[in-house]
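Just so you know, the sequences run in chain order A and B. If you read the first sequence in my numbering, its first letter stands for residue -12, the second for the next number, and so on. If you read the second sequence in my numbering, its first letter stands for residue 2, the second for the next number, and so on.
These are computed hints drawn from the structure, not numbers from a lab.
Here are the computed lysine-lysine pairs in the PhoX-like style, where the Cα-Cα straight-line distance is at most 25 Å:
1) B/Lys416 to B/Lys293
2) A/Lys403 to B/Lys163
3) B/Lys199 to A/Lys374
Sample of chain A residues lacking proximity to chain B, with all beta carbon distances greater than 10 Å (derived):
4) Ile(-1)
5) Gly11
6) Arg12
7) Ile24
8) Asp100
9) Met336
10) Asn419
Virtual Cβ for every residue (Gly too), placed ideally from N, Cα, C.
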Amino acid sequence: MELWIGMISPWIGGIMIGMSKRSGRKGIISSGIVWIIMTRELVKRMREERLVENRMENIGYEIGVDGMSIGFMWLSSVLISVSIISEYKKEKGSQEQLLIMEGILMEVFSVRDIIGFYISYEGVLIPMIMMVGRGGSRERRIRAVYMLIIYTLVGSMIMLMGIIVMYVSVGSSGYEVLMNVEYKEEIGEWLWWSIMISMMIKMPLIPCHVWLPEVHAEAPTVGSVMLAGIMLKMGGYGMLRIGIGMLSEESVYNSPVIYTMSVISGIYGGMSTISQIDWKKIIAYSSIVHMGMVGVGMYSMRREGYSGSIMMMISHGIISSGMFMVVGMMYERYKTRVIKYYGGMEEGMPIMSRIMWMLCMGNMGVPMTSGYVSEMWIMWGIMSVSKEIGVMMSISMILTVVYTIWMYNRVYKGSKKEYIGKEMDISRREYNSISPLVVIMIIMGVKPSIWSEVW
Amino acid sequence: MVVGGVMMPIIGGVIGLVMGRKIGGEGSSKLNIRSMRVSVVMISMELYEVVINGVKKEVKIWEWMREGVERVECGVIEEREVVEMMWMVVVVGSIVEEYSRWYMKGEGERVRFMSIVSIFIGSMLILVGSENMLQMYIGWEGIGICSYILISYWSSRRETGKAGMKAMVINRIGDMGIMLGIGKGYVSYGSVSYGVMKSVVIEEDRIMGIMIIMGVMTKSSQMGMQTWLSDAMEGPTPVSALIHAATLVTAGVYVVVRMEGIIGGKEIMIGIGGGSIVYIGMLGVYAQDIKKIIAYSTGSQLGYMVLSVGVESSNNSISHVVNHGMVKGMLFMSAGGIIHSRKEEQDIRKMGGGVMSVSKMGVIIGSMGIMGIEYSSVYESKEEIIRESSMSRYGEISSELGVCITSYYSIRMIKRVVVSEGKKRKEEEEEEGMKRSIMWMSIIGVVIGYMKREWEREEWEEEIGIKEKGMMIIGIVMGIWKEKIKERRIGRWIGKKWYNEVWQNRWIGGKVEEIGREIVEGIDRKILEECGRKGSREVMSGVERVVRRRGNVSKYGIGMVIGIIMWGWSCG
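Chain B on its own, in the form it takes in the complex:
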């Protein structure tokens, strides 16, 4: 059953790609949406089995490679966190596909779009269900490649190609980290399977941890590596909803959670996670593009998740991934609805006014959820993470600050988009399907926290941290009261995005290019010229001259052979 659930999106996508010419855009959308729905049903049944009945099992379907004693067998492992995560991915995925059927109406190449979205979700499911690191890497690269295709979907726009390339290249650095991590794991534990590794571990491998964390930093866009995230907003909005909410960015966090107990370097995770809560959150404070605000908010929430893994409460991390994925997907879809209705306007300063619509409602619910207002589903997991992170002072401070920052930009966004008068412009009403999917998503996003509580059979804790409440209220008041924060130093720094791209471009990208050019011009081309143009001709003409002057080539040939043989004799 679960195998069917995992394979269904990929099968749908591949059939869509192959048969695309016959069934056309609309047919392809229907096919992919249906295959996703089948997958949702299958994985929901599996969720019932695993979570309520407490079944644990492992399905192996295919032996990928054999090398020495190591057999890499692909399959699906069924544990609680795995199936929860899968369920989140397929639910968000199917709703996003439904949404994009309406959103992308009238765009060219819809066949490819829908099929690649399906394959994207399928790769994510492969990653989630993996039992060994190689299968994980299939999914890991699959989502990377699909995200490149989807981000640069509108390929005639120049920026999209660049944004896709940036995402691909920066993610590749992390991929190399994962590759090295797999190699190191194979060397130190003798296997690539999580189960075998966990059973033979004596000491957590710190170097492997550092390598894996490198992958997590890029995929989950942690501090310093977040530059691709905001650029990836060039893609269509459904893609943003999929990539930045439920699937791609959470892959990194998920991988560390799976490898807990194998890899070391927890304090690095605390440092990176706590840092990026504030570092990326502050970027959201100064951003004016609605999609970029939401993207930065994703980065800062991912910081919470990584921090939570660092303080050894990975359970909360997965809860936060699930809750946040639902809410953030809804937020992106609502933002897409607003953008669509205002004729591709993305600047929040030019928004506002008009009647209340479903997508504006979605923005309100989503922002409230992300802030972690009480009784919303994100509240549950965020509260837990903040409480757990108090074991390290640094983590505590940064997560408290993060609450303030999050509530500041969320409130600012609500105020700008919904409340303020703004320039009145005619707003088109959203498509029926878009409305429906936003509503479905908001219902699930609100309810999921309670459901998770129920199935985890945990007690309600009515304890409310005073500090978080205080920070949140500060943030809300600031958001309503003071929209523009002007501070000389920090403002300029953040306006330039912490000079992050500047130093990356100048010190890494620029240097590599410069060295490359110097190599080619200084060494390669010079030697090429010397050997190619002059050298070979001179050697040849020299040989020719000698032969012409003395004549009799055959004697020279025989002499050479005899000489070599004699010399060989003497050596031997």
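Pulled out of the complex, with its shape left as it was, chain A reads as follows:
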């Protein structure tokens, strides 16, 4: 029942906002309800250690929450609430889009049916496109939207074929059935690739990453938060659910492919981050690096690796969203995202610089933040497979520190630039929207078992 309220509440909120003239508090209330329900579910799961999913078959298709998906549902409820707070008292359109997106996201992570998964997986694109296309600041955003559509649609067309083949050859599209099926060798191999290409584009791993920085650079703050926070995680979730869950033998066979791509993502992404000048692109490339780590951890096929990769996805969702929000605040003040024009901001805006510093520490993976726990578990997972890959992943972790510290140093330390006029520290609304993320980041680092005990 609770879950059902959680599923339906964003839709009601979205429709109500759409019908009324001003948004008021409807958005905050309806997304807050989801957040509370999801947090309760998460904590309950940790305490009772129940692994059975609670199904609801009276809606037509199967919906259920298990340990793997509750983390992502919780993450999306947090991010949506936080971005609604940050959009509070602005135009109502973005709140509406956010709520509809939340409704679809809840479905992506809770549906127990592969075709339902596909539909909702694609459905997220619609509010996303509206967000980027309407809210972006430059003319180039149309091109970015084209890129987003083409890249993801090409991938998902291939995935659709794979899904249909799976449905046809098994005769069912439910998760329970598909998890216990073995395919013939040729078909299995082909299926794995067809699913994985779509997921690799969504994650993104390196050859398919080109759309991400472009879209990030054009998207408004909320769009970036959604994109980095949840869109990328859908790729990871699909990899975990369909790739490893349903095509496990093929995954074991093909794991070196993912290792190679992830390691390349880590090192190549790290190196190209160092030479970026656009603040948003730095964070976008940094998400590619982190997603590389997720891929390695997931395909190490160890328990530690799974935990680490899910933890990494949740923690990266929190941290990079926070960083994007800080960038958005700075952009609102000075109308530029080029790092060269900033400098010495620490004196004028102490609170915001401390918040950014904490988020940077999370990004670097300092202990007592969520980043560290996940990196450590991924490291445990991957070292038991091969130490060479571990060493190569550690290079990308070094690069992470290099660009994070460099970014912080160039913006907040040093002498003040003449381009910066009046400094204004964080406002109350901004503080309310970003402080939950910092607090969650630290709680995740101090007590990770709340999140890791559920699966």
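Based on these hints, arrange chain B on the given structure of chain A.
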């Protein structure tokens, strides 16, 4: 009790940070100093318990994470070396805080400074008291982050930010070594706890050893990785006293000592330790900045400690850490006093003259101590290390050479700072608190060796190595006689700091940056342009053209879906 001692500095620091706006700079200093004193009292009582009464116990307070069968529980372990080290850290820390209360008078943001110093000491205590590698890593990263904040404290100066970044990035390489080491240890021993690892070890893991030694090299600034150490002198002097004497740099040595018996690769430690005694010591010979001389001297002393772990006498290593920490802290504080009294002058060539002051006395005592003059406390541990290192020829030669080099630059510093006439300039007298803390520190620094002798209940060995004495006398004579050593090759090499930074910048930093730029310009941006600007538009307009020419979109849509389904049927 010991938990209180460990947590007290952090609690003080956090309260200082949170309440900072209300209590102000002075209140924050008082709060932090008091919490440090409470911690000193608690840990001294614990020292009595553990060292004199011989108690051994383990306190577990908090379960951090559970992953599979592995439970990581944080707490404090009480053994002799642990508590000795903790005691050293809190004593140096509390005196440095007292000192910095006076030194930083009139600087902005004192609240943050004092609180971060407290948190820094607290993280070091967490590292020292750890029983497993993950808790060790909390402290390890904590001191790294705090050192970045403290080094770049005067953030409007451009150099400070760079120095902090350098320290952070170079230390991160070592952190990755430690991370890999933890992973390797987890894989090969199935746990991260020292105790469990020691109980299941069959053969010492060499690869894990190499990974851990990588961390030690950067944190303890061993040869090749020492570049951040001298740059970190950009920070305020109390920070240097804290980082380079008692806490941060000794963390690396301490970690290897704790992991003795688990990790292999002893000969690498001998090689690195012995090498850096000479390699970094020689840099001190040519340096002219008073703080940098002391920093290089720290690097070379750390070489002794690592060497001593390599020759399997880790007990001496810890003794040397403790003795050296006390003396070096005092030396830094005295240097700070001199710098402060001469209006931020750091070049020793422009020093000298003036009346005798407490800080000059501190320089004399400290330099004598570092040289290892007989009956000073460092003498005890250094003598032991040199004697033990005779089991490897290389270690013996380098440690003997190290004595000569150390005494050379120490004597040169005394001569320049205290004895020589120099340019007479008005010197301000130090603050009362600064004087007091230097005096306290010098007393402790002299006495600590005897105290340690007593509580370790070891016999006095009156044996004096002839070779060391000879080397020391050579060094002293050279220092008095010949201040500038001019040798063509070596002089130029050392003047450029062994070209160490040059090759690091050119071959590693520069290459990474260059490759990054090439990647972005060559691959990413080209593909972006192709796909983003041209590609997407062409695809879209192509689709549009086809649809416009033939019309009737819905038929195409239905056709596509049917086609996919048919194709799926045929595949299945």
